[in-house]
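Heads up: the sequence lines are chains A and B, in that order.
The first sequence runs 98 to 499 under the numbering used here.
The second sequence runs 98 to 499 under the numbering used here.
Be aware that a few hints might be false.
For chains that are exact copies, the list does not tell them apart, and a pair is met inside one copy or across any two.
Unchecked claim - As a list, the in silico DSBU-like pairs of lysine-lysine whose alpha-carbon atoms are at most 30 Å apart:
{"hint": "1", "residue 1": "K230", "residue 2": "K278"}
{"hint": "2", "residue 1": "K181", "residue 2": "K230"}
{"hint": "3", "residue 1": "K242", "residue 2": "K181"}
{"hint": "4", "residue 1": "K455", "residue 2": "K254"}
{"hint": "5", "residue 1": "K181", "residue 2": "K496"}
{"hint": "6", "residue 1": "K496", "residue 2": "K242"}
{"hint": "7", "residue 1": "K242", "residue 2": "K455"}
{"hint": "8", "residue 1": "K181", "residue 2": "K455"}
{"hint": "9", "residue 1": "K230", "residue 2": "K455"}
{"hint": "10", "residue 1": "K287", "residue 2": "K455"}
{"hint": "11", "residue 1": "K254", "residue 2": "K287"}
{"hint": "12", "residue 1": "K287", "residue 2": "K496"}
{"hint": "13", "residue 1": "K181", "residue 2": "K287"}
{"hint": "14", "residue 1": "K496", "residue 2": "K230"}
{"hint": "15", "residue 1": "K496", "residue 2": "K254"}
{"hint": "16", "residue 1": "K242", "residue 2": "K287"}
I should point out that these hints are in silico values taken from the structure, not numbers from a laboratory.
Number of protein chains: 2
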Amino acid sequence: MTDQEIVSPLVIPNTTRVILLVLDGLGGSPLEPGGLTELETARTPNLDALARDGICGLHDPIGRGITPGSGPSHLALFGYSPLKHQIGRGVLEALGIGFELQANDMAARGNFCTVDEHGLITDRRAGRIPTEKGAELVQLLRTIKLPGVEVFVEPVKQYRFVLILRGEGLSGPLTETDPQKLGAPPLLVKALSAEAARAASLFNQWVAAARELLASQQPANMVTLRGLDRKPDLPGMDAIYGLRAAAIAAYPMYRGVSKLVGMEVLTTGDNIEEEMEVLRSHWTDYDFFFVHVKGTDSAGEDGDFDRKVSIIEHVDSTLVPDITQLGPDVLVVTGDHSTPALLRAHSWHPVPVLLHSKHCRSDAANAFSERECAAGALGRFPATEILPLALANALRLTKFGA
Amino acid sequence: MTDQEIVSPLVIPNTTRVILLVLDGLGGSPLEPGGLTELETARTPNLDALARDGICGLHDPIGRGITPGSGPSHLALFGYSPLKHQIGRGVLEALGIGFELQANDMAARGNFCTVDEHGLITDRRAGRIPTEKGAELVQLLRTIKLPGVEVFVEPVKQYRFVLILRGEGLSGPLTETDPQKLGAPPLLVKALSAEAARAASLFNQWVAAARELLASQQPANMVTLRGLDRKPDLPGMDAIYGLRAAAIAAYPMYRGVSKLVGMEVLTTGDNIEEEMEVLRSHWTDYDFFFVHVKGTDSAGEDGDFDRKVSIIEHVDSTLVPDITQLGPDVLVVTGDHSTPALLRAHSWHPVPVLLHSKHCRSDAANAFSERECAAGALGRFPATEILPLALANALRLTKFGA
């Protein structure tokens, strides 16, 4: 395994530039056994040419058979072990709505739920109240004050919200309050270490106040909290890899994860053309660009095979030639995970990856597709090794062992 | 690595069914360099069709270059690390003869040996006495009683037997008594931890009594004990994977290992047709079926290339279509290790594996053989990842990291 502990001491300065182009949920599957995937179906002459001259493979974001969430899969693409650096659901939820987490913040994912007169849960999602109702109740919860900390409550969607406590001396690990079954009362938050005692007490005070405030509401008369954790303190890509790194991503989750690893998050519109314009105008300011395309994943989640195909074709015909024209020393094109339209969800399937630089060997992959990448010389490998490989091709790593 | 620690928390309920069909010792080698293996020689239209629509690869039961025993290789197929969960030889020998080990049992593999008048070993296998003689001596050894524990002595073959102590407070780790060379006396059993003291003392008492009882015998006038250990306490497949798992295997060793991981071991005759009947009649009772075919390994061990070919063809023409007709959501066909007829023994060669489900991508493997599997998109991977992959394809795992 090419871990950061091995790579980081080998970093040397260079003026080369790397682009990591991520088509979210790129990997797919055929609609019928033996058929073609979305990427295999798409007409992609420009990506095929890069695959032919470059080197290809398939990466596993987490491990064989494991379906990744977007947070861990992007961490892996940035070279951070998603197993070693597990991020709490509260933090991911906060990143997902674009909340600006600070170093000492603790975040929890909240659910409105329904309890009966004995305080036992009868519906863990409060009848999936509409988003507007959730936002209205969040306004109510914002009136709760706690001693010595700032409190933020942010609506997410339907019955979901995020609770953030900001202040000195807050720390996990903490247990969750959702008993994960009906007929049981919400649990108390428990501190799993001595340092976590203050945070546990504050979260419990908040829940007690929320219970009172919501008592007369129906069906959302109570809350549960899950995934209570601190913002992880990850070393930045500048410290680990010596890279001035920038993210060009329109969606909050990806901007948030980029920020976690110390990237500069550039302002962009949400279409491909706008992202390209941002890349072009900052081309000389950074060493590393993460460019994120969301549409492929959304189409997959919608079960829209044809739309996913056409988004891939659009990327191929517009973004890829424009990127190539900038002349990056290393261009990596891949996905963060697979989102087959057949499954309408993220999946465990490994993800096609192509790497193009002037130091690539040629291999058997003559087009950019799951099938061709399976025959590529990069083989099947963990996503965390993509970044070290890109750095090597950018001549930004020296010898191991003098 | 897709470890159980990662997979287990992701398990979600589903009603899908998985079949793991194991052709023991499936992998082979050509009789002449450049020739065909047994599987490549066999005509297998049904397996080839599954390989074409499914996805293929080669698995390493333990690691590259390592020839596995049947116990560890099956543990790996069931998703248990064979390195982390090492099973004592005594326990494996007991499982191999179908002895019903209980939770607190300790088992040792015994050898009859020959010692001279000074007690020094002159033949570590007592001239390979015939099996009948071994059984007769075992009767003699059964007269030995020990304080506070039950003692079982069971013949295995020729000079080999199993010794089992049953009682409270028995524990390893213990050293072995075989000095592994001639001209040395059998060693005393030593406790390698404080808790192991009582077991060490009991085994030594037993050996001292055996020495007296056998004194007048020739050539089997003494014994050595190896691989003294407890029955391992493995978490069951229900706890780890949420699977109601059943084993359909005729031979004691495979039934024993299945029981170790909490499978229900179904009663079956020892031919393929009987196994299929058992599978069919229990089809709705379990989520996971391990179906074991022994003949391929036996033919390999006998050095009978042609018989191995014809057993593979028999499985292809009878068992495979019947299994397919049941409509499992996931079907995995593989071996536990390779047993090339050329070697007349287990070998280190990686093992062909095919996985068929409606969520498979197609790959370059268009038939089921070592050569085609080497080109398959599953690549080359550890056997312990087969089970997580099967669960993923059965839609029995949720996302890692929201």
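Verification of the supplied hints:
1. K230 x K278: Within one copy only: 24 Å inside a chain, 62 Å across chains, cut-off 30 Å.
2. K181 x K230: neither (38 Å within a copy, 52 Å between copies)
3. K242 x K181: neither (35 Å within a copy, 50 Å between copies)
4. K455 x K254: Neither: 46 Å inside a chain and 33 Å across chains, both beyond 30 Å.
5. K181 x K496: both (26 Å within a copy, 17 Å between copies)
6. K496 x K242: Neither. Shortest intra-copy (56 Å) and inter-copy (35 Å) distances fail the 30 Å Cα cut-off.
7. K242 x K455: Cα proximity of K242 and K455: none, with 59 Å in one copy and 53 Å across.
8. K181 x K455: neither (33 Å within a copy, 33 Å between copies)
9. K230 x K455: neither (56 Å within a copy, 40 Å between copies)
10. K287 x K455: neither (55 Å within a copy, 43 Å between copies)
11. K254 x K287: within (27 Å within a copy, 58 Å between copies)
12. K287 x K496: The answer is between: 25 Å across copies meets 30 Å, while 48 Å in one copy does not.
13. K181 x K287: within (23 Å within a copy, 33 Å between copies)
14. K496 x K230: Intra 59 Å, inter 28 Å, cutoff 30 Å: inter-copy only.
15. K496 x K254: between (50 Å within a copy, 20 Å between copies)
16. K242 x K287: within (20 Å within a copy, 54 Å between copies)
In this structure, the hints that do not hold are numbers 2, 3, 4, 6, 7, 8, 9 and 10, in rising order.
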